[in-house]
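Sequence lines, in order, name chains X and R. The first sequence begins at 1 in our numbering and counts up by one. The second sequence begins at 1 in our numbering and counts up by one.
What the hints contain is simulated information worked out from the structure, not anything from laboratory work. As the structure is a computational prediction, the values presented were derived from the model and not from experiment. You may find that some hints are simply not true.
Said to hold, decoys possible - Calculated pairs, SDA-like style, for lysine to any residue (alpha carbon to alpha carbon, straight line, at most 25 Å):
id: 1; chain 1: R; residue 1: Lys57; chain 2: R; residue 2: Gln85
id: 2; chain 1: X; residue 1: Lys36; chain 2: R; residue 2: Val392
id: 3; chain 1: X; residue 1: Lys67; chain 2: R; residue 2: Gln146
id: 4; chain 1: X; residue 1: Lys36; chain 2: R; residue 2: Gly385
id: 5; chain 1: R; residue 1: Lys64; chain 2: X; residue 2: Lys36
What the hints assert, rightly or not - Stretch-level coverage of chain X by chain R, calculated; a stretch enters the list once three of its residues show a Cβ under 8 Å from a Cβ in chain R:
id: 6; stretch: 3-15
id: 7; stretch: 33-43
id: 8; stretch: 51-65
All C-beta atoms, glycine included, are put in the ideal place defined by N, C-alpha and C.
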Amino acid sequence: MGIEDDKQLILDTLKSKKGKTKFYLKDFNSMFPDRKPRDVKKLVNSMVSEGLLEYWSSGSTTLIGLKGSGVQHEAEAKEE
Amino acid sequence: MAKHKTPMLDELEKGKWPSFVSDIKQEAENRGKTSVDLQTPKEACDDLLGLLELTYKDKVVHWKHGGIVGVFGYGGGVIGRYCDQPDQFPAIRDFHTMRVNQPSSKFYSTEFLRQLCDLWERRGSGLTNMHGSTGDIILLGTTTPQLEEVFWEMTHNLHQDLGGSGSNLRTPSDCIGMARCEYACYDTMALCYNLTMEYQDELHRPAFPYKFKFKFDGCPNGCVASIARADMSFIGTWRDDIRIDQEAVKAYVGGEFKPNAGAHSGRDWGAFDIQKEVIGLCPTQCMEWDGKKLKIDNKECTRCMHCINVMPRALRIGQDTGASILFGAKAPILEGAQMSTLTVPFMKIEEPYDEIKDLIEKVWDYWSEEGKNRERLGEMIQRVGFQKFLEVCELEPDPRMIQEPRSNPYIFWKEGDVPGGWDRDINEFRKKHQR
Numbered sequence: 001m002g003i004e005d006d007k008q009l010i011l012d013t014l015k016s017k018k019g020k021t022k023f024y025l026k027d028f029n030s031m032f033p034d035r036k037p038r039d040v041k042k043l044v045n046s047m048v049s050e051g052l053l054e055y056w057s058s059g060s061t062t063l064i065g066l067k068g069s070g071v072q073h074e075a076e077a078k079e080e
Numbered sequence: 001m002a003k004h005k006t007p008m009l010d011e012l013e014k015g016k017w018p019s020f021v022s023d024i025k026q027e028a029e030n031r032g033k034t035s036v037d038l039q040t041p042k043e044a045c046d047d048l049l050g051l052l053e054l055t056y057k058d059k060v061v062h063w064k065h066g067g068i069v070g071v072f073g074y075g076g077g078v079i080g081r082y083c084d085q086p087d088q089f090p091a092i093r094d095f096h097t098m099r100v101n102q103p104s105s106k107f108y109s110t111e112f113l114r115q116l117c118d119l120w121e122r123r124g125s126g127l128t129n130m131h132g133s134t135g136d137i138i139l140l141g142t143t144t145p146q147l148e149e150v151f152w153e154m155t156h157n158l159h160q161d162l163g164g165s166g167s168n169l170r171t172p173s174d175c176i177g178m179a180r181c182e183y184a185c186y187d188t189m190a191l192c193y194n195l196t197m198e199y200q201d202e203l204h205r206p207a208f209p210y211k212f213k214f215k216f217d218g219c220p221n222g223c224v225a226s227i228a229r230a231d232m233s234f235i236g237t238w239r240d241d242i243r244i245d246q247e248a249v250k251a252y253v254g255g256e257f258k259p260n261a262g263a264h265s266g267r268d269w270g271a272f273d274i275q276k277e278v279i280g281l282c283p284t285q286c287m288e289w290d291g292k293k294l295k296i297d298n299k300e301c302t303r304c305m306h307c308i309n310v311m312p313r314a315l316r317i318g319q320d321t322g323a324s325i326l327f328g329a330k331a332p333i334l335e336g337a338q339m340s341t342l343t344v345p346f347m348k349i350e351e352p353y354d355e356i357k358d359l360i361e362k363v364w365d366y367w368s369e370e371g372k373n374r375e376r377l378g379e380m381i382q383r384v385g386f387q388k389f390l391e392v393c394e395l396e397p398d399p400r401m402i403q404e405p406r407s408n409p410y411i412f413w414k415e416g417d418v419p420g421g422w423d424r425d426i427n428e429f430r431k432k433h434q435r
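Extracted from the complex, chain R is given alone in its bound form (with noise of 0.2 Å):
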């Protein structure tokens, strides 16, 4: 029977939709009758039942914010959470989240997942989140003297590290990339894995004004949304051509191919229509088609990945390919949601990805001296300018930074830049301008 009645808890059982209600008191059931060696308080799933429904009924959070928590050398990956209601829930007195940083494109195994389920169980609640809006997986409560035991087995048994949380750089994450992913135009978990292990004091150690995170999405769909999450968004692309298979787009336009490879055959959409599914939807309208072959000016394509994704058999990327790089996405806790900001257009992506540690560091020093306290580096752009940015990075403004002139914050002109300065004769001046 229920340690707590929870009737406001009970009616988020009722709808259509998984339950994190039903998980929590599956969980419950579960610790009362394991007879695994439990190492944290075995009500601590029926606690939190509890103290959600007095928040409900209270209206306000009883959680208390943030802690000094963390192991030995660490200061990421534990994030403090203490009851404030301790003698009523004395099982979640104290209740700190710990991140994991999850493997590259989030590969694991069943065995993995096992072990760690079975740490969980024993040194936690057994409550978990997979996957946290960063891409950690999320160890969710244990008690303090927990938080070095998890550590160590996690490390020594698991081989899996913390991520990082605070001030620090973020779990670094990344799509499926080459592994599954044809679009892929470099390879995302090489990346990923890389800077993860270049950075890890910056990782595990608070090292900036604010949180940053990187991001690397494969292609320009996007998987992990690094365009709109992530400090610095690495966003795959290429420099050459579509390649085009004018027999297989033929296939497509006879019925022969089901379009977006079947992915909306859930009911009948009549006959593929290339002009107005492909052709027609074509942002920057450089593609035509006239019944026997299909052209694309590629100097006009934006790589929205529209065609490609409608015919994948018939289209494919590049060969010339790379990626896009981009500062200063953030979600909306501080001045609203902000996207990143194109700033290189094309690198290429190769071991041992020594220009891309360098746009790092330079990037990072400045910011960790001019960033206010708490200011996402995308906030700071807006402050110092787009301008001030780019000789950070020591970058020349670039026309494909920009959508259209004036729209976006645009360069001024400084005096070293113009022949002459800004001293010239007026004289001369006049006489080709006049009054």
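Next comes chain X alone, as it looks inside the complex (with noise of 0.2 Å):
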């Protein structure tokens, strides 16, 4: 499986959880079980940079959700 379909596989799978926006980057690991976290790390940390994904941050914690899904930088600055 090449790297295009690693993304793919990610994506489609983001976009098949219903009602969830925000994942643990753990959840990244299951959806390739026999591959190192590390490599799974850097695959989920260049879907960001090509802005496919994006990071979402408490400070303590970071999740990981698809671009432009789930609650936006112009929402947040509004009441929810």
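Both chains are sitting in their own frames, so use the hints and assemble them into the complex.
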């Protein structure tokens, strides 16, 4: 499976999760059970750089989601 | 005149200690009359005071939790903060925190500090926290559009990087080490800098189930408290004997030198009593003073540093130095506070630090695979057992890892460790052991 297939698998899996827009890094590991977490981390972080995914941080914990899904920058500045 | 009335905050200025309220008011006043071309709202500090007053009145926090903010390519260093009363306090609608990677041992030039403050006055609130608990310089409060601007100026003009936050490696932190301290058993600054550069990817992009911290203490005095605060604590130590200058010991006893280098000279404690203040306080009772000569039974010494701290001109750390490495400390967010557990009793700390990096990566690989979401390394060690953790580190159990038999997580025998395994001739056994 090529790197583009890996990315598509991540995008498809995240899109299929209804009602959930933010994921822990470990959720991505479970999509690639035969890979080392370090390789999955690199793939996920490269997808953030490409603008396919984005980080959400509470300060202590980081979650990752599809770019543009869930509560966004503008909405966060307003009353929810 | 203040924009908001703050009667409750004003109470916090009345004590005898410096007040953060006075500091914010001072900065609010400065921003009101500055000629600087401010890129963030002029009334940010006024509105911050107003929001704090409202928080005290309502007894609830008015900040929202986290957010999707950062600088391009980084997954840490920026902590999103949004106010939940933006109409009432528009100048702090967004008020993000930036963490800046402090230099090793926090050495700055005044020129650098002036540049940093000028940058933050113009592009932030002007409020800083020197330093946060992790060790970073904390820049408090800026708007979303200014994040990239601050980052560009900081990296290009000040040559300073952002620190770690979120599920990243956090900004490594070290004591002042060999720069100014004779107790340093290894070069804390060199190791801190080397690992910071080696693990840039882990520092800037989420890599783990939760936060991970390195801290480097040059000696067991533990000036950065790594044993209490770091997932991986390095504490300087030595393998040989404490060096004794017997003439200097006599000078302390005779009152020629002040104990603790004069640190407790604020009142008259009476004449120095070596028996009471040093020998009697040794936790392992490994010292002896016969009035002429000081003896130390070094094999019993646990490196508590007390005698060396009291008589630094007479006693010095050994010459075969390195560090003990411990794992698993954390603050009491979940399941209470935990101290690090001794895992490597002694390791030489020498460039290029390959042995250390090999250990770090074994631990990270296992934790990334086995750790639960938001589970610190120390919690995982408790869950899987110290024995399993030693296997991961490829280390043999050692009596120095436990305080006393059966008080710490102890080691179970495995079949492979026992001659003949679990299968044995019961009749042979019964010849020596009756029912």
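Now for the hints, and whether the structure bears them out:
1. Lys57/R with Gln85/R: Roughly 14 Å separates the two Cα atoms, so the pair holds.
2. Lys36/X with Val392/R: Roughly 15 Å between the alpha carbons, so the hint for Lys36/X and Val392/R holds.
3. Lys67/X with Gln146/R: holds, 21 Å
4. Lys36/X with Gly385/R: holds, 23 Å
5. Lys64/R with Lys36/X: Roughly 35 Å between the alpha carbons, so the hint for Lys64/R and Lys36/X is violated.
6. 3-15: violated (count 0)
7. 33-43: Holds, because 5 residues of the stretch 33-43 of chain X bring their Cβ atoms closer than 8 Å to Cβ atoms of chain R.
8. 51-65: Coverage by chain R holds here, the residue count being 10 at a Cβ distance below 8 Å.
When held up to the earlier numbered hints, the structure conflicts with 5 and 6 and fits the remainder.
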